[in-house]
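*Asks:* Given next are the chains, with one letter for each unit.
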Amino acid sequence: MDDRRMLTRIGIVWAVLSVIGILGVIFLLGPHMPPGRESHNASDQTQVNILLSVIMTPIVILVWVVFGYSMLNFRQRGEQIEDGAPIRGNSTIQVGWVSTTATIVLFLAAIGTYELVEIGSTASGAGAAGGQGPTPISVPTDHPLQVQVIAQQWQFTYRYPQYGGIETFSLVLPVNRTVQFNVTSLDVIHSFWAYQLGVKADAVPGANNIAFVRTKETKSFEIRCAELCGLWHGYMSARGEVVSGAKFSAWIQRQQVLNAPAMHYVPPYRKIYFPQPYGRAG
Amino acid sequence: MGLALSVGLIAWYIVGYVWTLPPTVTISNTPGSANLTLQTVASYGRPPHPDWVSYLVKNEQGQWVHSTVWQVPANSIIHVTVLQYDGASGLRNPFLSQPRGVIGGVMSVNGRLLHVLPDALASHTFTIPDLGVNVPLKGVGDNAPNQCAVTPCTLSQAHVTVKFAFRTGKRGWYRWQCFVPCAAGWIFGNGGPMQTVGWMDGYLKVV
Numbered sequence: 000m001d002d003r004r005m006l007t008r009i010g011i012v013w014a015v016l017s018v019i020g021i022l023g024v025i026f027l028l029g030p031h032m033p034p035g036r037e038s039h040n041a042s043d044q045t046q047v048n049i050l051l052s053v054i055m056t057p058i059v060i061l062v063w064v065v066f067g068y069s070m071l072n073f074r075q076r077g078e079q080i081e082d083g084a085p086i087r088g089n090s091t092i093q094v095g096w097v098s099t100t101a102t103i104v105l106f107l108a109a110i111g112t113y114e115l116v117e118i119g120s121t122a123s124g125a126g127a128a129g130g131q132g133p134t135p136i137s138v139p140t141d142h143p144l145q146v147q148v149i150a151q152q153w154q155f156t157y158r159y160p161q162y163g164g165i166e167t168f169s170l171v172l173p174v175n176r177t178v179q180f181n182v183t184s185l186d187v188i189h190s191f192w193a194y195q196l197g198v199k200a201d202a203v204p205g206a207n208n209i210a211f212v213r214t215k216e217t218k219s220f221e222i223r224c225a226e227l228c229g230l231w232h233g234y235m236s237a238r239g240e241v242v243s244g245a246k247f248s249a250w251i252q253r254q255q256v257l258n259a260p261a262m263h264y265v266p267p268y269r270k271i272y273f274p275q276p277y278g279r280a281g
Numbered sequence: 000m001g002l003a004l005s006v007g008l009i010a011w012y013i014v015g016y017v018w019t020l021p022p023t024v025t026i027s028n029t030p031g032s033a034n035l036t037l038q039t040v041a042s043y044g045r046p047p048h049p050d051w052v053s054y055l056v057k058n059e060q061g062q063w064v065h066s067t068v069w070q071v072p073a074n075s076i077i078h079v080t081v082l083q084y085d086g087a088s089g090l091r092n093p094f095l096s097q098p099r100g101v102i103g104g105v106m107s108v109n110g111r112l113l114h115v116l117p118d119a120l121a122s123h124t125f126t127i128p129d130l131g132v133n134v135p136l137k138g139v140g141d142n143a144p145n146q147c148a149v150t151p152c153t154l155s156q157a158h159v160t161v162k163f164a165f166r167t168g169k170r171g172w173y174r175w176q177c178f179v180p181c182a183a184g185w186i187f188g189n190g191g192p193m194q195t196v197g198w199m200d201g202y203l204k205v206v
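Taken in sequence, the protein lines are chains F and C.
Numbered by numbering that gives the first Met the number 0, the letters in the first sequence go through residues 0 to 281 in order.
Numbered by numbering that gives the first Met the number 0, the letters in the second sequence go through residues 0 to 206 in order.
These are computed hints drawn from the structure, not numbers from a lab.
Nothing false has been slipped in among the hints.
Computed beta-carbon distance windows for the label pairs: (1) PHE273(F) - HIS114(C): 24 to 32 Å; (2) PRO46(C) - LEU107(F): 57 to 65 Å; (3) GLY83(F) - ALA3(C): 39 to 47 Å; (4) SER155(C) - GLY132(F): 51 to 59 Å.
The structure presented is a predicted model; accordingly, all values stated were derived computationally and were not measured.
All C-beta atoms in this analysis are idealised placements derived from N, C-alpha and C, irrespective of residue type, glycine included.
Just chain F, same shape as in the assembly:
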């Protein structure tokens, strides 16, 4: 069999399987891709995951097809033979390989950078919902709801500075609202990970780590610590909830009443509480 015929066969099989694979990724796998669509940021991340998978699919299929074709047609029968002569100096393949892979990598870098610094005036809010430190690259323009996430071995609590600095054990957010998480810690390094919202930001003592998210659906979501933080790290989880604006207002008012006795002793709202990770140790 001549090379051209072989390449044509491989090309046809690869093209057909790639079309099937890409359609499968978009329509079958896509709806189940993490992290979901509970926030605009999560939706963006899901879209990027689908895009990456679509780009990756024909590459993986090409490798598999060539591998399978070689197994079927070039497998050695009988006695071992010598290796073939090495092929050198095929500039067409070299240039094609380098330029194709460079284009894909640069394209992915551009998409990733765009998602990271996406400006706040877009429907998605701002940024990729990853902690960007105390001075984020992009800031939303629509006056986000401020929520402070306070990590302590081994539980998260939350403060709402726009509602008198009330602190709560549970995280409740209004739907269709941009939220600015100010994430900090009272002891060791933790990581606040609201999985279905697509938010993940390290909680570092003495630091304010900012992450933005824009809520989209009224649903509950999972909260986990994503940084190994000691004995009960595996138990440092909870569920948060995105609710309607009216339900959020009622909830925050109820929290202000329920937690009023403790708020007498809670310090005024600050971005960080222990510049040195000092506590009242016994």
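On the provided structure of chain F, position chain C as indicated by the hints.
*Replies:* Frame of chain F, contents of chain C only:
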């Protein structure tokens, strides 16, 4: 050979650390209600860690046992009495100064009903996060006479009596812990007894 031995020893230590739990102390298996009596001490006073802060529990025979794994009935009211022998060190997060998840939202401190404890007066907390239970425990005054040095401490020694009640729900293992970083001598107070089941944290086995 040396590498394999090292890996084996480390694995043995980790597995031992993870799986070695203190004995389960049955408080009651009878549904309805149960009485859980605890004491907190500044130092256990005995091997293997005589200077570690710790909880102790009273078993059904009325003896003090050094364990933090307690078995209680499901869907029942647990009446808790904590005899607090340790001094105040304050809460790292003053939000925990309010008793929560307890019946009536109130605790009794030396017979006085309180809805909140000034954060600086707290010595420890008794907290079961998954049941929403959190109670700050008032510390003994620094100048109180006849302070306890060796466990088990007795009622004649300086202590604060804290009482409250909470409801258990469905069956399961619920971790509980102290939220005051009270491990003296450890970095930020979070090492040793705060990181070891059997001292300042453990399990509530709800059956």
